[in-house]
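Peer 1: Following the hints, put chains B and C in place on chain A, whose structure we already have.
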Amino acid sequence: MLKDITLGQFFPGTSLVHRLDPRTKLLCVVLYIAALFTAAGWVSYAVVFALLAVAVGISRIGVKALLRGMKPVVVILVFTGALNLFYTQTGTELVHLGFLHITTGGLERAFFMVTRILMLISGTFLLTYTTSPIALTDGLEHLLGPLKLLKVPVHDLAMMMSIALRFIPTLIEETDKIMSAQKARGADFEGGSLLDKARAMVPLMVPLFVSAFRRADELATAMECRCYHGGEGRTRLKQLRFQAADWAVLALFVALLALIVVLKLRFRV
Amino acid sequence: MSEPIVKLEQVSFSYPAVEGRPHTALKDVTLEVEEGSFVAVLGHNGCGKSTLAKHMNAILLPLGGKVWVAGMDTADESRWLDVHRTVGMVFQNPDNQIVANVVEEDVAFAPENLGVPSPEIRRRVDEALEIVGMSKYARHAPHRLSGGQKQRVAIAGVIAMQPRCIVMDEPTAMLDPVGREEVLKTIRRLNREQHTTVVLITHHMDEAAMADRLVVMDHGEVIADGTPRTVFQKVELLRSVGLTVPDTVELLYELRQAGLDLPLDALSVEECAQAICGCLRSN
Amino acid sequence: MEPILETKKLCCTYSVGTPFEHRALIDVDFRAYPGEYLGIIGHTGSGKSTLIQHLNALLKPSSGQVLLHGEDIWANAKATRMARFKVGLVFQYPEYQLFEETVYKDIAFGPKNMRLDAREIDRRVHEAAYFAGLTDDQLQKSPFELSGGQKRRVAIAGVIAMGPEVLILDEPTAGLDPVGRESILRNIRQFHDAKNATIIIVSHSMEDMARVADRIVVMNDARIPLQGTPREVFSHAEELRAMGLSVPQITQIFHRLRALGLGVDESVYTLKEAKEALLALKRRD
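Top to bottom, those sequences are chains A, B and C. The first sequence begins at 1 in our numbering and counts up by one. The second sequence begins at 1 in our numbering and counts up by one. The third sequence begins at 1 in our numbering and counts up by one.
Bound-form chain A, shown alone (with noise of 0.2 Å):
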């Protein structure tokens, strides 16, 4: 069902993971993509690995939820892994298939491949899943902030985005509804060939396309008439402030990335 759709989902909560100013956690998101990326062997992964875990336990979020959100990506998971596994031929070889090699080494490429990914994956979640989307979108503001010198309207594009976030179970409830309201006229959106297919999503894409213009002129004249206008001279519900913990967390990170450029420069693990 389409209900089931996990993008952007925001799970309340107290954990530091969660009062952390969203600034903090985008940088730390960053670094900590750096540091995934440097990583060159086993000890590096596992000190990411360590990091994350700790993240994921202090934020009680539960593995469980960080991995029903990894549902659409198996298919790339299983694809990467099975290209590094055959493609890779260094060291010892284990099994022999026909044409297909298995290695040491490919082993070994594979798991790092896939756990990476996976924890890319994990690191992002945790930052959406701990941060609400206003606050993402704020956070994003203030650090693309020095753009705005470049005249990028850094203010228009949060505010898009966080509008877009609003109306996504919005639009995912019309959708179900205008779903059933054309099956109930006999339509199928499930079988045929893939031209059916195509054509019977005419019947829920216009009624789709029409409800969003009109919502979003509507959205456009109610936000006038509370006095938007643009990013100029606006205020804030809440101010971002870094506390202590902020400073701390972050200085955790730049650690974290100067540790796996050293592990990779100096010892190559």
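Because the hints were derived from the structure by calculation, they are not lab data. Everything numeric in this text was worked out from a predicted model, so none of it was measured. Beta carbons are placed, not taken as given, at the ideal position from N, Cα and C, and that holds for glycine. Hints are supplied without guarantee of correctness; some may be wrong.
What the hints assert, rightly or not - For the chain B half of the interface with chain A, some residues (derived, Cβ under 10 Å), not all of them:
#1 9
#2 111
#3 142
Peer 2: Relative to the frame of chain A, chains B and C by itself:
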């Protein structure tokens, strides 16, 4: 007497023609809304009542005539922000006026736009949510609320702007009876306790009956204006423009037609029952 | 009389195994008889929308059965398909489901999905347009040019054109003004009389129900605690109020009159009855 909060002087408006002739929505409408009053505007779909509402805060500008909001001419572009801030607006579909995905963030939207300092926004948000009875839901996601709750959040979002007048364009049209009752209670409280001027656009007779003053529109013109009691007595006039009167008045009217001596101004069930009882007993 | 449509111990549970798990229907035994004009009433979340979506196989029961002419609509694929066609369902605010270039094509969408031949489709489109109160020249217009009320008529015609034996309408008068409401209800009544179809109307409006329904089914908390003729149902004013529902204003007046000591019948619910009852009382004095 003090200056009216909204004043329309011979306002006319028509929508651009889609096919053939342009559609006239307002014809020479002159209307004053007193500060602190509760005015209902009643009419069937397409009678021009929504167009009228949109003129009250410069969303639409008159093609003929003038609209004054707290002494400001709405045609003066430099005053629009002040006009929007003075006259707030609540629309029919609550889904399409909620901007944020946390209730309190949404209520904060207007004060944020006005550059109100953070602690003051906090105070206003809490107060607004209190007035509409949604404090419990401050941290909730709007899409998980019922229709009536969403509409109350939308109203809180306007209250937080601290407007002097709130125009509500059919705020209950998409709600179930429970949601409708919640919203109507909120509107009444807003007018009685907060002394905010309320203009309620509706086609429900029982909602119109709550107001101090009732304006009836048909084909872009005001055809009746007075207290609900006096207006509802014009049963034939209301019927002729496709409106009905509350069942209470309708029953009294029918009995009067049959020769009973009954007043027509008993709106509530209680008043109506008393009136009938008194009439039948007097014989 | 055999029911045309019935449910046996129908249960429906949403989002099983998540924190949002919710039982929308619990052991519901619902019956609709041929040619009946039935009203379903209940507040939002009482389960009435879930029930009607089971009646034309849009939702599959968690347990229990839905029978059309005594046959389980989930017995095989053909039975399910037939249920979709024989039980027409018009959703709330159906005007938002229109998509074709012309009103004619939009009404023809259902019949086309039924794979009827062109002549039959044409006949049905015209007949359905007539029942829904649309004029011939509106058929060639784009549905997006029409007013809200007219769009709703197009959507209703789109379902009528499938030739349903049972027509279910969810809040067909929502958001309409008194004239629009009256006129849609009149059109539905015409269709009912001409085709002897079973009509099921879902509504919040007790006044509308009192005016049109032969029988009322009340839903509350996933069950049917009350059903019967409007007179029977409205006599349970207290229970209805506890469920967040009310009785028609006329009935309320008569309850007050009786409390004030007048010898009137409390079960009066239409204006006409009320007038006659009071005039009779007057003559008796």
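Peer 1: All hints, please: hold or fail.
Peer 2: Checked hints:
{"no.": "1", "hint": "9", "result": "violated, 22 Å"}
{"no.": "2", "hint": "111", "result": "holds, 8 Å"}
{"no.": "3", "hint": "142", "result": "holds, 8 Å"}
Against the hints set out earlier in the document, a violation occurs for number 1 only.
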